[in-house]
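Construct the complete structure from the given sequences, taking the supplied hints into account.
Number of protein chains: 2
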Amino acid sequence: MHMADLSIGRLAKAADVKVPTIRFYEQIGLMPTPLRTQSDQRVYGAAAVQRLRFIRHARQLGFEIKDIEALLGLADRPNLPCAEADRIARSHLEAVDEKIAQLTRLREELARMTINCGLGVTADCKVIEVLSDHGLCHEDRH
Amino acid sequence: MHMADLSIGRLAKAADVKVPTIRFYEQIGLMPTPLRTQSDQRVYGAAAVQRLRFIRHARQLGFEIKDIEALLGLADRPNLPCAEADRIARSHLEAVDEKIAQLTRLREELARMTINCGLGVTADCKVIEVLSDHGLCHEDRH
DNA sequence: ATGCACCCTCTAGTCACTAGAGCATCAAGT
DNA sequence: ACTTGATGCTCTAGTGACTAGAGGGTGCAT
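Taken in order, these protein sequences are the chains called B and G.
Numbering that gives the first Met the number 0 numbers the first residue of the first sequence as 0 and each following residue consecutively.
Numbering that gives the first Met the number 0 numbers the first residue of the second sequence as 0 and each following residue consecutively.
Simulated from the structure, these hints should not be mistaken for lab results.
Where is the CB? At the ideal position from N, CA and C, for every residue including glycine.
Check before you lean on any hint, since a few could be wrong.
[Stated by the list, open to error] Here's a subset of chain G near chain B, in silico, CB distances under 7 Å, partners left out: (1) Leu60; (2) Arg89; (3) Ile99; (4) Ser131.
[Said to hold, decoys possible] Each computed EDC-like pair below joins lysine to aspartate or glutamate, with the alpha-carbon atoms no more than 20 Å apart: (5) G/Lys98 x B/Glu93; (6) B/Lys65 x G/Glu128; (7) G/Lys98 x B/Asp96; (8) B/Lys98 x G/Glu63; (9) B/Lys125 x G/Glu63; (10) G/Lys98 x B/Glu97; (11) G/Lys12 x G/Glu25; (12) G/Lys65 x B/Glu128; (13) B/Lys65 x B/Glu25; (14) G/Lys98 x B/Glu108; (15) B/Lys98 x B/Glu108; (16) B/Lys65 x B/Glu93; (17) B/Lys125 x B/Glu107; (18) B/Lys125 x G/Glu68; (19) B/Lys98 x G/Asp96; (20) B/Lys125 x B/Glu108; (21) B/Lys98 x G/Glu108; (22) B/Lys125 x G/Asp66; (23) B/Lys12 x B/Glu25; (24) B/Lys125 x G/Glu83; (25) B/Lys98 x G/Glu97; (26) B/Lys98 x G/Glu107; (27) G/Lys98 x G/Glu63; (28) B/Lys17 x B/Glu63; (29) G/Lys98 x B/Glu63; (30) B/Lys125 x G/Glu93; (31) B/Lys98 x B/Asp66; (32) B/Lys65 x B/Asp75; (33) B/Lys98 x G/Glu93; (34) B/Lys125 x G/Asp75; (35) G/Lys98 x B/Glu107.
Structure follows, in structure tokens:
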């Protein structure tokens, strides 16, 4: 065992990813199958830490695993033009913008719902009322 | 068959919900089991349209089905104080606010990633670079 | 009578994990 | 050397909210 070698638990700490998640990534082929000790325990090197951190960061940014696979493939071939990575990131950015806009509209509706509520009985409840009658809703995107 | 009665397909159109989704809601008990024709087809009345529209609107607002069940229960008992409905809506509003804040931070990082990218090769790609080295990321919430 | 849209049930798949059972192994302290 | 507790292993099944598909039956218009 090399000095820099890590058990799955240490890798998990080094990349801040849970142990079962690492095994799951291996199962779906996102992480390569590692070497094993004689007693069948996984052994990882520094490259695994790099790769797993990349994955974790991309997941936190909301990239799907398919996209991460593509990005990892690109990162491994530094001579390719980076237009593809850019395309993936830009299309993700668009999706995030759309999501923010949608959540902001939603927030307004929720705020209107709760602003005059919490004191009376259900019959006069703004929350129930707004949910019951879509015509009361000021949102026009659905 | 009453004049106002609807097949599942007509109900789907009336509430703008897909047919399999209605059957799914019935299966999990969110929609009541409807009457059937002699040939086993589901028959719905006006109440089903109301309920399904309520569900659809609440889902669009991002409420979970558990919450919707609770809200439906409250809507059926108009004499209860509406504090509970208000509590559900307010806690959902908080979650939405948090999500918007999170997505906004994320958006900034993505925008920084893509702003100088798309022209060179992968080795110089900002997207890959930022994902590879978390230290380059300005976000502090992870 | 023929076609076509609609309806039925049932199973399995999606996504990215998470939880749990049941067992083996390792590291540290006594 | 022994024990104890953390960590490791595999495997299956569950989550949420649907969605897709197989394989068939029904309703209505031409």
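Status of each hint after checking the structure:
1. Taking 7 Å as the C-beta contact cut-off toward chain B, the hint placing G/Leu60 at the interface holds, the least distance being around 6 Å.
2. Because the closest C-beta pair between G/Arg89 and chain B is about 5 Å apart, less than 7 Å, the hint holds.
3. Because the beta carbon of G/Ile99 sits about 5 Å from the nearest beta carbon in chain B, less than 7 Å, this interface hint is met.
4. At about 6 Å, the closest approach between the beta carbon of G/Ser131 and any beta carbon in chain B falls short of 7 Å, and the interface hint on this residue holds.
5. Under the criterion of a C-alpha separation no larger than 20 Å, the hint pairing G/Lys98 with B/Glu93 is consistent with the structure, at around 17 Å.
6. Between B/Lys65 and G/Glu128 the CA atoms are separated by roughly 19 Å; this keeps the pair inside 20 Å, and the hint holds.
7. With a C-alpha separation of about 13 Å, the suggested pairing of G/Lys98 with B/Asp96 holds against the 20 Å cut-off.
8. For the proposed pair B/Lys98 and G/Glu63, the alpha carbon gap of about 18 Å is at most 20 Å, so the pair holds.
9. As the CA atoms of B/Lys125 and G/Glu63 are separated by approximately 19 Å, the hinted pair is consistent with the 20 Å bound.
10. Restraint check: the Cα-Cα separation between G/Lys98 and B/Glu97 comes to about 13 Å, which is no more than 20 Å; the hinted pair holds.
11. For a cut-off of 20 Å, the pair hint linking G/Lys12 to G/Glu25 stands: about 17 Å separates their Cα positions.
12. With a C-alpha separation of about 19 Å, the suggested pair G/Lys65 and B/Glu128 falls inside the 20 Å cut-off, and the hint holds.
13. A C-alpha spacing of about 14 Å is found between B/Lys65 and B/Glu25, which places the hinted pair at or below 20 Å, so the restraint holds.
14. Between G/Lys98 and B/Glu108, the direct Cα distance comes to roughly 16 Å. Compliance with the 20 Å bound is thereby established for this hinted pair.
15. Restraint check for B/Lys98 and B/Glu108: the C-alpha separation of about 15 Å stays at or below 20 Å, so the hint holds.
16. For the suggested pair B/Lys65 and B/Glu93, the alpha carbons sit about 17 Å apart, so the restraint of at most 20 Å is met.
17. With a C-alpha separation of about 14 Å, the suggested pair B/Lys125 and B/Glu107 falls inside the 20 Å cut-off, and the hint holds.
18. Restraint check for B/Lys125 and G/Glu68: satisfied, since their Cα atoms lie roughly 17 Å apart, inside the 20 Å limit.
19. With a C-alpha separation of about 13 Å, the suggested pair B/Lys98 and G/Asp96 falls inside the 20 Å cut-off, and the hint holds.
20. Annotation: proposed proximity of B/Lys125 to B/Glu108 holds, straight-line Cα distance about 11 Å (limit 20 Å).
21. Between B/Lys98 and G/Glu108, the direct Cα distance comes to roughly 16 Å. Compliance with the 20 Å bound is thereby established for this hinted pair.
22. Restraint check for B/Lys125 and G/Asp66: satisfied, since their Cα atoms lie roughly 16 Å apart, inside the 20 Å limit.
23. With a C-alpha separation of about 17 Å, the suggested pair B/Lys12 and B/Glu25 falls inside the 20 Å cut-off, and the hint holds.
24. For a cut-off of 20 Å, the pair hint linking B/Lys125 to G/Glu83 stands: about 12 Å separates their Cα positions.
25. Restraint check for B/Lys98 and G/Glu97: the C-alpha separation of about 13 Å stays at or below 20 Å, so the hint holds.
26. For a cut-off of 20 Å, the pair hint linking B/Lys98 to G/Glu107 stands: about 14 Å separates their Cα positions.
27. Distance restraint check for G/Lys98 and G/Glu63: the Cα-Cα separation of roughly 15 Å lies within the 20 Å cut-off, and the hinted pair is therefore satisfied.
28. Among the hinted pairs, B/Lys17 with B/Glu63 is consistent with the structure: their alpha-carbon atoms are about 18 Å apart, no more than 20 Å.
29. With a C-alpha separation of about 18 Å, the suggested pairing of G/Lys98 with B/Glu63 holds against the 20 Å cut-off.
30. Only pairs whose Cα atoms come within 20 Å are accepted, and B/Lys125 paired with G/Glu93 is accepted, the gap being roughly 17 Å.
31. Distance restraint check for B/Lys98 and B/Asp66: the Cα-Cα separation of roughly 18 Å lies within the 20 Å cut-off, and the hinted pair is therefore satisfied.
32. Taking the CA atoms of B/Lys65 and B/Asp75, the gap is about 16 Å. The hint holds against a cut of 20 Å.
33. Taking the CA atoms of B/Lys98 and G/Glu93, the gap is near 17 Å; set against the 20 Å cutoff, the hint holds.
34. Note on B/Lys125 and G/Asp75: the hinted pairing holds, with a Cα-Cα distance of about 14 Å set against a maximum of 20 Å.
35. With a C-alpha separation of about 14 Å, the suggested pairing of G/Lys98 with B/Glu107 holds against the 20 Å cut-off.
This entry satisfies every hint, going by the numbered hints stated previously.
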